[in-house]
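Please model the complete structure; the sequences and the hints are all you need to start from.
Quick mapping for you: the protein sequence lines, in order, are chains B and L.
Residues 1 to 328 in our numbering are what the first sequence spells out, letter by letter.
Residues 1 to 168 in our numbering are what the second sequence spells out, letter by letter.
There may be inaccurate statements among the hints.
What the hints assert, rightly or not - Listed next, the in silico EDC-like pairs over lysine to aspartate or glutamate satisfying Cα-Cα at most 16 Å (straight line):
hint, chain 1, residue 1, chain 2, residue 2
1, L, Lys-2, L, Glu-153
2, L, Lys-78, B, Asp-231
3, L, Lys-2, L, Glu-142
4, L, Lys-76, B, Glu-44
5, L, Lys-6, L, Glu-142
6, B, Lys-52, L, Asp-113
7, B, Lys-51, L, Glu-153
Said to hold, decoys possible - Some residues of chain B that are not near chain L, with every Cβ distance over 10 Å (derived):
hint, residue
8, Asp-14
9, Thr-38
10, Phe-66
11, Asn-109
12, Lys-254
13, Arg-268
What the hints assert, rightly or not - If we take Cβ atoms under 8 Å as the criterion, some of the chain L residues that face chain B in the derived model are:
hint, residue
14, Asn-29
15, Asn-30
16, Val-77
17, Pro-79
These are calculated hints, taken from the structure and not from any lab test.
Using N, Cα and C, we set each Cβ at its ideal position, and we do this for glycine too.
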Amino acid sequence: MIATPPSASLQLTDDGKLKHFLSVEHCSRSLLEDILNTAAGFVEVGDRAIKKVPLLRGKTVVNLFFEASTRTRTTFELAAKRLSADVLNIDIAKSATSKGETLMDMLWNLEAMSSDMFVVRHSDSGAPSFIAEHVTPNVAVINAGDGRHAHPTQAMLDMYTIRHYKGRFEGLKVAIIGDIVHSRVARSQIHALNILGAEEVRVIGPRTLLPVDIESLGVSVYSDLAQGLKDVDVVIALRLQKERMDSALLPSEKEFFRLYGLNNDRLRPAKPDAIVMHPGPINRGVEIASEVADGPRSVILHQVTFGIAVRMAVMSMCIAGQDAGAGR
Amino acid sequence: MKYDSKWIHQRLDDMADDLRTLLGERERNNIKLVGIHSGGVWLAAELCSRLGDPELGTLDISFYRDDFTKRGINPKVKPTDMDFEVEGQHLILIDDVLMSGRTVRAAMNELFDFGRPASITLVVLFDVGQRELPVSPDICGETLALGPLERVELHGPAPLTAEILRVD
Numbered sequence: 001m002i003a004t005p006p007s008a009s010l011q012l013t014d015d016g017k018l019k020h021f022l023s024v025e026h027c028s029r030s031l032l033e034d035i036l037n038t039a040a041g042f043v044e045v046g047d048r049a050i051k052k053v054p055l056l057r058g059k060t061v062v063n064l065f066f067e068a069s070t071r072t073r074t075t076f077e078l079a080a081k082r083l084s085a086d087v088l089n090i091d092i093a094k095s096a097t098s099k100g101e102t103l104m105d106m107l108w109n110l111e112a113m114s115s116d117m118f119v120v121r122h123s124d125s126g127a128p129s130f131i132a133e134h135v136t137p138n139v140a141v142i143n144a145g146d147g148r149h150a151h152p153t154q155a156m157l158d159m160y161t162i163r164h165y166k167g168r169f170e171g172l173k174v175a176i177i178g179d180i181v182h183s184r185v186a187r188s189q190i191h192a193l194n195i196l197g198a199e200e201v202r203v204i205g206p207r208t209l210l211p212v213d214i215e216s217l218g219v220s221v222y223s224d225l226a227q228g229l230k231d232v233d234v235v236i237a238l239r240l241q242k243e244r245m246d247s248a249l250l251p252s253e254k255e256f257f258r259l260y261g262l263n264n265d266r267l268r269p270a271k272p273d274a275i276v277m278h279p280g281p282i283n284r285g286v287e288i289a290s291e292v293a294d295g296p297r298s299v300i301l302h303q304v305t306f307g308i309a310v311r312m313a314v315m316s317m318c319i320a321g322q323d324a325g326a327g328r
Numbered sequence: 001m002k003y004d005s006k007w008i009h010q011r012l013d014d015m016a017d018d019l020r021t022l023l024g025e026r027e028r029n030n031i032k033l034v035g036i037h038s039g040g041v042w043l044a045a046e047l048c049s050r051l052g053d054p055e056l057g058t059l060d061i062s063f064y065r066d067d068f069t070k071r072g073i074n075p076k077v078k079p080t081d082m083d084f085e086v087e088g089q090h091l092i093l094i095d096d097v098l099m100s101g102r103t104v105r106a107a108m109n110e111l112f113d114f115g116r117p118a119s120i121t122l123v124v125l126f127d128v129g130q131r132e133l134p135v136s137p138d139i140c141g142e143t144l145a146l147g148p149l150e151r152v153e154l155h156g157p158a159p160l161t162a163e164i165l166r167v168d
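Structure (structure tokens):
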């Protein structure tokens, strides 16, 4: 279904505030910086004895996951609960859509329960935008990952992590390694890094796992890991999805690790203070060795912590944008 | 109308004296200061040095505002920094201007998320009236009667000055 790219107007109010968050593409630098700055305030909430603020009290957030993802759903749920919203988790595989109810019928039913926000994960690119176009005004939609298209909150938590450790984007060289072609995370990261002013974004991987038109996104392409990692400040390893092996894009996991797997030795060309990131869940010994994942350069678990704050920021900004638009 | 740094520091000296007297009467000797971003934090730092450097915390009440859905979140929100125990403590809450009382309500809600203080004493530099909630200061530097289109703004942190502005 529906591969319409989310237009800038769909996710912004007339005065440029966020009302849905569907993609980082077409967002201004100042909007992305607003998200990061707002998230910075929420990070501290996670350190409190009572990890809760009353911002979204009385609001209902529905997690609509058409594709399983324990961790993303959990962090969205935790983010909503820390904002004092009520949260509903709908497991679509078990819901009425499998009994023949259409998507729109289900959404209208959820709207009739006075939901204020849908957090949508779907295997089809464009599904969250489709939902955003068709929901009642005042209901916000957040894209929690759609097909190969985008995963904007993951990209923003990665940007938060980079800014936290590096303090800036200017002058930074960032390398993204692995299965770019199937990765909505990589696509969103590339857009965000370019909007925020990173000096160079590199993608590293076998040609079979790089999209043919990848250069048009504003990246340099490397098929050699050592060359690609030379002098980089940030290394992002992507999850290699095991099903790719079956579709003959890769000879084997072992072969991938031999050429592109990160271990301490392979990281040598990167800057000594380079950080290593991974959107998770990690495949130890496939795209990353345990010595790196658990090593001093790894910030993988911090990404998860920052992810809650970034999702709190996006959720509260979207609800505020919807309410401002409605003049309530 | 402008208030220069000398005037504000004179008020701060008076406020510190009044606060010491009040705390003496109420037999509260172990106090902790809490400033509300941004003006209250600047004033709290000044009062802190006048009161023998008690522990100092800062609050950003953006996440507790009751007009959040009208105004949205200020992306310049600063992290709240309460690096001490609140439970059972005597807190001195400090802000620059007391008007509707909504900021103080939000600040007290936030403080209670850290624990149950033994007491909260409210200290403000300017009380401009126009209250919408039943809040009154324990210590006030100056009471102002503002016109309907006037507001007072504190500039800082150094030098600390203030002025009455017309909003149109």
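Task: Restraint status (C-alpha distance of Lys-76 (chain L) to Glu-44 (chain B) at most 16 Å) - done: holds, 14 Å
TODO: Mind verifying the non-interface call on Asp-14 (chain B)? Its CB should be farther than 10 Å from each CB in chain L.
DONE: Non-interface label on Asp-14 (chain B) holds, nearest chain L Cβ at 14 Å vs cutoff 10 Å.
- [ ] Under 8 Å, Cβ to Cβ, is where Asn-30 (chain L) needs to be relative to chain B, so tell me if that hint holds or is violated.
- [x] Status violated, d = 21 Å.
Task: Residue hint Asn-29 (chain L), partner chain B, criterion CB-CB below 8 Å - done: Status violated, d = 26 Å.
Open item on the list: Check the hint pairing Lys-51 (chain B) with Glu-153 (chain L) against an upper bound of 16 Å on the C-alpha distance.
Closed with: violated, 33 Å
Task: Least C-beta distance between Thr-38 (chain B) and chain L, which was stated to exceed 10 Å - done: violated, 5 Å
Task: Separation of Asn-109 (chain B) from chain L, once the least beta-carbon distance is taken, above 10 Å - done: holds, 25 Å
Open item on the list: Confirm or reject: Phe-66 (chain B) is not an interface residue toward chain L, with every Cβ-Cβ distance exceeding 10 Å.
Closed with: holds, 29 Å
- [ ] Please verify that hint: Pro-79 (chain L), Cβ, nearest Cβ of chain B, below 8 Å or not.
- [x] holds, 4 Å
- [ ] For the pair supplied as a hint, Lys-52 (chain B) and Asp-113 (chain L), confirm whether the alpha-carbon distance does not exceed 16 Å.
- [x] holds, 8 Å
Open item on the list: For Lys-2 (chain L) and Glu-142 (chain L), compute the direct alpha-carbon distance and say whether it is at most 16 Å.
Closed with: Holds, at roughly 13 Å.
Open item on the list: Need the status of pair Lys-2 (chain L), Glu-153 (chain L): alpha-carbon distance at most 16 Å?
Closed with: The hint holds at about 10 Å.
Consistency with the previously given hints fails for numbers 2, 7, 9, 14 and 15, ordered from lowest to highest.
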